Structures are given as structure tokens and as C-alpha cells.
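Protein chains in written order, with my numbering: chain Y, 1 to 294; chain U, 1 to 255; chain L, 1 to 346.
Don't read these hints as lab results, they were simulated from the structure.
This structure is a prediction, so every number in the text was calculated from the model and none was measured.
Please note: incorrect hints may appear among the correct ones.
Unchecked claim - Not everything, but these chain U residues come out facing chain L in the computed CB check (under 10 angstroms):
1. Gly-50
2. Val-53
3. Ile-66
4. Lys-70
5. Ile-74
6. Ser-91
Glycine included, each C-beta is placed from N, C-alpha and C at the ideal position.
Next come the chains, spelled out residue by residue.
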Amino acid sequence: MFMQQMVNGFSLGSMYALIAIGYTMVYGVLRLINFAHGDIMMVGGFLGYFGIAVLGLPFGAAVILAIVGSALLGMASDRIAYRPLRSAPKISLLITAIGVSFFLENAFNVFFGGVPRAFPVPAYLEEVVDFMGLTMPVSAIIVPIITAFLLAIILWVLFKTKYGMAIRALAFDVGTVNLMGIDANRIITLVFGIGSALAAVGGIFWAVNYPSVEPMMGVLVGLKAFAAAVVGGIGSVGGAVLGGLIIGFTEVVVIAFFPELGGYKDAFAFIFLILILLFKPTGILGIDFEKSRF
Amino acid sequence: MILKIDNVTKNFGGVTAIKETSFSVAPKEIFGLIGPNGAGKTTMFNIITGNYVPTSGEVIFRNEAISGLKPHHIVRKGIARTFQNIRLFSSMSVLDNILIGFDFQARYGFLESIVRFPRFITEERRIKARAMEILDYFGMSALAHEKAVDLSYGQQRKVEIARALATNPDLLLLDEPAAGMNPSETEELGEIIKKARVDFDLTVLLIEHDMKFVNQLCDKVLVLDYGKTIFEGKPADAIQDPEVIAAYLGDFHND
Amino acid sequence: MNTLMLKKEQWLKISFVAITVWFIWFSNSHFDEYTIRILNNIAIFIILAVSYNLINGVTGQFSLEPNGFVAIGAYVAALLLTSPEAKQYQYAIVDPYPFVLTLHANFVVALLLGGAFAATLAACLSFPVFRVRGDYLAIVTLGFGFIIKILAINVPEVTNGSLGINDIPEFSNLYWTGGIAMIAVIVVLNIINSKFGRAMKAVRDDEDAATAMGVNTFKAKTLAFCTSAFFEGVGGGLLAALLTSISPDLFDFFFTFQLLIIIVLGGLGSTTGAIIGTVLVMGGSEWMRFLDEPMNLLGYETTAMPGMRMVVFSLGLILIMLFAREGVMGKRELTDLLKWRRKGGK
């Protein structure tokens, strides 16, 4: 029973982690909390649904549709709504992000309706298997496995490729990147693309495991994912994963042992956020260096 | 000695910005902090003003150790500064910009401001009058209600200095005050600073690249290079010191 | 010349009060119930908007707090105003705690307590958030709103859970809402035109330069945040006593979003703008109801699309931020417009 909760915790934590990575990367390069990011996760889920239920695509193709579509949407939101405001005061950018978020939620609400749609999960994912002595559906088990795989890819990109180095440099200092002859704007667009793609995967995982999609599904998840990114150390991909896992685990395990606290499940992320701001604002893995602002 | 930098070191992660530097500034002195770009001059300023905490060493102001105090407390102890790229408050008038400097000296509370007690009215009047006095001193009272950022560069620089003076400092830190100015503006600025030293009872610590300006103004200079002191003494001697010349390697700005 | 301008501002203040008082009296005796309802709403939202503008626009700290603090004020007032019999009758999920039944206060005290409670919570949030650099206020306040909703649902012994509190006596009328709106506007303007307001604006314009001038930026932000929370709490109480029925769903994110559009449209940082924005958005919102109904677009009959109104709202916000960021007033107040006209139109 405990092992089962561990796997569930890993599963939920991985989903939060996937979304948190996008938040932390965008915050790293732009110092922007992209409120619309959680809604990209929702879009990913819906595109998957659309692919299977409306277009009749096989599951794999629908996933690709979701990832590509979300990545394009994320990049488009940067190009259209955020890039024009690069030199505007920060608050303008934050307000616009809220606007984009709200727009996505309500646009999908208008076109798909607010009632949750059952997600057509392929049979092989619903199969219950014996995994290390537990009986669990495949869908729960593959989430952490695929997430770990994706994380390895992301880390490889960030630390072993030229583009990854540019992203890390951009997070540190915008001016340097431009001097290196790399167009900062293209890097930022790339960051949005990567983050959105990961969020889409998270959205598919969510849709498969819960199993439904509805326009507001990204709201609370997004909030918790951002809290996870802050708790783990904003700006750090490892931190985002750590924060996601912590919050995912806590939600699953606390409810398993104290079911009467069930109604407060969504408050844990917030409590962690306040605690980390009180005791270590840079996050668990965050680096504490004074950036030169003078 | 009004200011004593005692063996201060400042590390940022792997980079040592300032290495075991010590110097003292005498009251009423105009002291220059010079050196090539990246030598650590602005970092030193930020340590004095409390924006950075020294990794080791101490800043002693009027016989009191102040490193570790919050920046706004250090202002109230009597240290004020200007910035290299002028940072006036963009939404406010010239007068309001200067009033900010006076605000911590205004003796009224939150509730009194809401209900507009007499104490609010008298204190506001008092600090507005003092602010106008300072503007008058700089010959800018006509500009009081202009938006601060609409002024010319030279005027904005003066407003910034006036704003710093509003905090009633004993020590004034000027970060490249002559930057972006032509020779005649620079000379005028030098005269203003000399006069202000007397009229406002100030000690001045300034960062500069313009050696002519430094020569004209400073009683003493400290030359930094890669965070270490390489010369301390009179400006005229500094220019001739071989180590200083080597450090600059043509970095001199001799307009 | 200085004294002449001061006199002009005094006249402006006096006439503002006089016109508002007259308008309240006039509306109450001349307008129909539907219009009065809208005016009440506008008055309450003016209170909320001018205070939301204080933290967001004047101090420049992006916050999403209103729905949380309004909810607090509403629940506090609801608990203090509803009669014990009404409570006993409607708490259907579980029995209310005994103290809940005994809670009672008159209208003014209920409003003030709602505001005070909200302000206290704001002070508690201020400590972890403003102490550190970074833009965490928005996320924390967003989460705070959710927490309040979670609490409201999960503590039915106090709040009657999802059923909410009904049969709240309808104390609010135009005299209360309009009068308090007037007070809120005056208080906020007085704060802005003092050293506290200057500090807030300095924090907005350049926080590091403000610190360098001796401004205690933590104190400035906290003061703005707590003042906003206070009035939002009071507004919440007025709302409860107007709607006579509140529930956790009422104070959702859209509530905050509406206020955000209001202050952005009016001009972030301008109190006059907040008032103008409220009238425009509340009025426009009524007018835009047709978007949620079936429509006749160029001869083509569409089905009802609930939520279309919100889509238009959010698009509107994005467009304003991209093309008309200053809103109607920018950071200016009515008095500034008059000053500049005298100087020959700057």
C-alpha cells in the first residue's frame, strides 16, 4: 500500500515537475511568471483529446499533435503578447500574461464547454500490471519513467549544446548573450517552445490518469507547479523537478495517511511556498548570489 | 576620520571584486576613487551604502561599524549617494523627487496624513520649503513642477545631487557625476561640488574617470585595480605613478 | 500663485463631495431599482478599485489579492449581521460552532471588523513576500484566494461550506455604498499626497533609488498592501449586505480579473482613472451581456456562447497592454489635467 502511494506520488510529482520546468525556464530568461503556462498544459490535454476523439488519430499521433500544437502556441504567445513588451515595466508583462491565461481558459470554455470531457485512454495504458509487487495501471507507472527520460534530454540540451549554453547565459545576463552574436529573442522563443512541449506532455499524462479534460484544469495545477519551481529553486531545472516531486508526494502521501485532510490537498503547495519564502527564498537548490543591479 | 574602510574583501561566487582594501577619508575631504573599468569602484560604493555586505572586513562611519545595516538605515546615519546612470523617479516632478529625500525627516504618522491633522500640514509645508531652498541653491526653483525626466541631462544630474543633499548627509557618494558632460558643464559641476562641500558641511567621495576633473576637485585619490589598492595620495602624484599608468594603459580620459 | 493653486484643489475636493452627496440623494429618489442596483455595484467596485490601484498602480507591486480579501470581509460581515435564527436554520451540512451563533454586531462594526481582519492577514502575508526580492506577490495572492475558498468550503461549522450564507440583512443602500466610496477615495488620495504616497511611487519608479534615499521600501509596500486589504474587506462586507447571500464561488479569480481590467483601463496609478474604469467596465459589462446570448452576426444566427463575454474581456486586456498601456488617465489625476492646462497644455 505504501509502495503504491510512492508510485502515485512519483507520478503526480512528475506531472508537476514537467510543468514547473517550463515556468522556471521562462522565469530564468525573462524574470516573467508566465501565468498562461498552466493553461498550455490544458491545451496539450485538449489537443490530445481532439486528436483521438475528433480526428480519430492513434494515441501516439495525438500526443505528437498535442506537443507540437502546444509548443507552437507557447511560442506564438511570446511573439505576439510578450515580445512587444520586452522593454516595458515588468508589471505590464505580468498583466498581459494574466490576460493570455484568462483568454485561453475562456476560449476553450466557449468552444468546448465547461463540462469535463472523458479522455479516451488507449486500452494498453489502462491495463493493470504487476510492477515490483504492486498492481497498478500502466498509465501511473510510465509517467515517472517518461518524465525521467525527458528530464535527461532537457539537461543534455542545456549543458551539452550551444543553444542550451545560450539559454543558461541568458538567464544570467541578457547583454552577454547579444554580444556572443546570438539573437536573444530566438533563444527566448526556443525556451517557450521547450517549456510548452513539456507542459503538453504533462497535460496528456494528466488527461490519461484522471482521465478527463476541462478548460480550467490548468489553473490550479499551474499555480502549484509555479510554487514547486520556487520551492525547488527558481531558475533551476533540477529545482523545478525537486519541487514538483516534493509537492506531488506530499499531496498523495498526506491524503493517504490522513484522509480527513482531503479538502486541504490543494493548500499544501501554498504552504510550502510560504515556508520557503520565510526560510530560504532562493529555494532549496537556489543559488544565493547578489546580482549587480547598480 | 569620518569614514574608514578596514581590510574589506568582497567575493561574488568565484570572483573577488575587492581584495583586502583599506583606506580612510578625512572630514570635509573630497576623496577620489579611481581606476580602470571593473576595478571594483562601484562595488566599494555599494558596500558603503549597505547594498552589499563585505565578505570580510568592516566599514566604519563616524566611529560606528555599519556593514550589515540595511541601506535605508545607513542613509539615516548620514551617507547619501547618486548613481552612475541618473536614476530620478520618472513619474514625479523635480520637487517631489527632492521631497523623497526629506520624507524620513517628516514628523507625522499614517493616521495623521489620512485625517490631515495640523501636524501633517505644518510638516509638509516645512519640508516643501526646505526642498525649495535646495532647488534655489542650484538655481532651479523655476523647474520645481516640471517632470524630472523632462529636464536636460545636466539639470537632471543637479537634481540628483540635490535629492541626495535632501537626506542631510555628512558623507556624499557621487558615482561618475561628470559622465556624459562636456568640459564646461564638467567645470561648473566641479565648482558646485566644492561650494556644496562648504555650504552643506560635507565630505565627498567620488568615482570618476575624468582625470582633469579629479585633478581639479580631489584632495586625495585612491587608485584601485582588480579590487586592490595600487596608489593612495595626491591626484597630481597619481598620474605620474608608474603602477597607475600601467594599470590604465591608455585608459585615461584626458579631455 | 502657489496659494491660488491650493485653493483650486480645495474647491475641487469640496465640489466632489457636494456633487457625490447630491447624486446619491438624487439617485435614491429618482431612479428605478435596476439602476440603483447597478449604482450600488459601481460604488462598491469604486471602493475596491481605488484600493486595488494603491498596491498595483501606485506602488507598482503586481498583486492578485482582491477576491481573497473581499471574501474575508464578506464572510465576516455575513457572520456578524445574520441573525442567530437564520444561521441555525440554514447551516445544513453540519451544526455551526456555538460561537458562530452568538456572533453579532451592528453594520459599521461588521464592516470595520471585516476590513481589520483582512488587513491583519495582509500584514501576515507581507512578511514573507515583501522581505525578499522577486515578484512573488502575484503568485502568493493568487494562492491566497484559493486558500480562502478552500477554507470556506472545508470549515462548514463556520461558513456553511459550499452552501454559503444566506438571509444576510440588506443593510447596504446608496447612502452606505456611496458614502463609503467617497470616504475611500478621499482617504486613498490623502495617502497618495503625503510622504507615504511619495514613498510608494518611488518604490514603483525605482526601488533601489528609493532605498538609496532612505525610503523603507518594505514598510511602503506593506502599508499599501494592508490599506488595500482593509478597504477590500470593507467592500466585501458591503457586498454581502447588498447581495444578501454569499458563497465560496462568488469570489473567484474572475472577480480579481475584473478589477484588474478596471484599473488598467482607467490608468494604472490613477485614482481618478480607477473611478472612470469602474464606470466604464461595469457599464460595459452590462452592455456586453448580449455576447453570451444567441446573436445575429451579419444575418447569421449564432447559438448562445456563455463565456464569450469573458473572451472579449481578456482580449481587451491584452490589446490595452499592447497598444494603450496608459489607459484613460495614465498616472495622472483630474487635478493634474487642470494644472497642465493652465501651463499651456503640456
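Results for each hint:
1. Gly-50: 9 angstroms, holds
2. Val-53: Violated - the Cβ of Val-53/U stays beyond 10 angstroms from chain L, reaching only about 15 angstroms at its closest.
3. Ile-66: 14 angstroms, violated
4. Lys-70: 8 angstroms, holds
5. Ile-74: 9 angstroms, holds
6. Ser-91: 5 angstroms, holds
Going through the hint list in order, the structure does not satisfy hints 2, 3.
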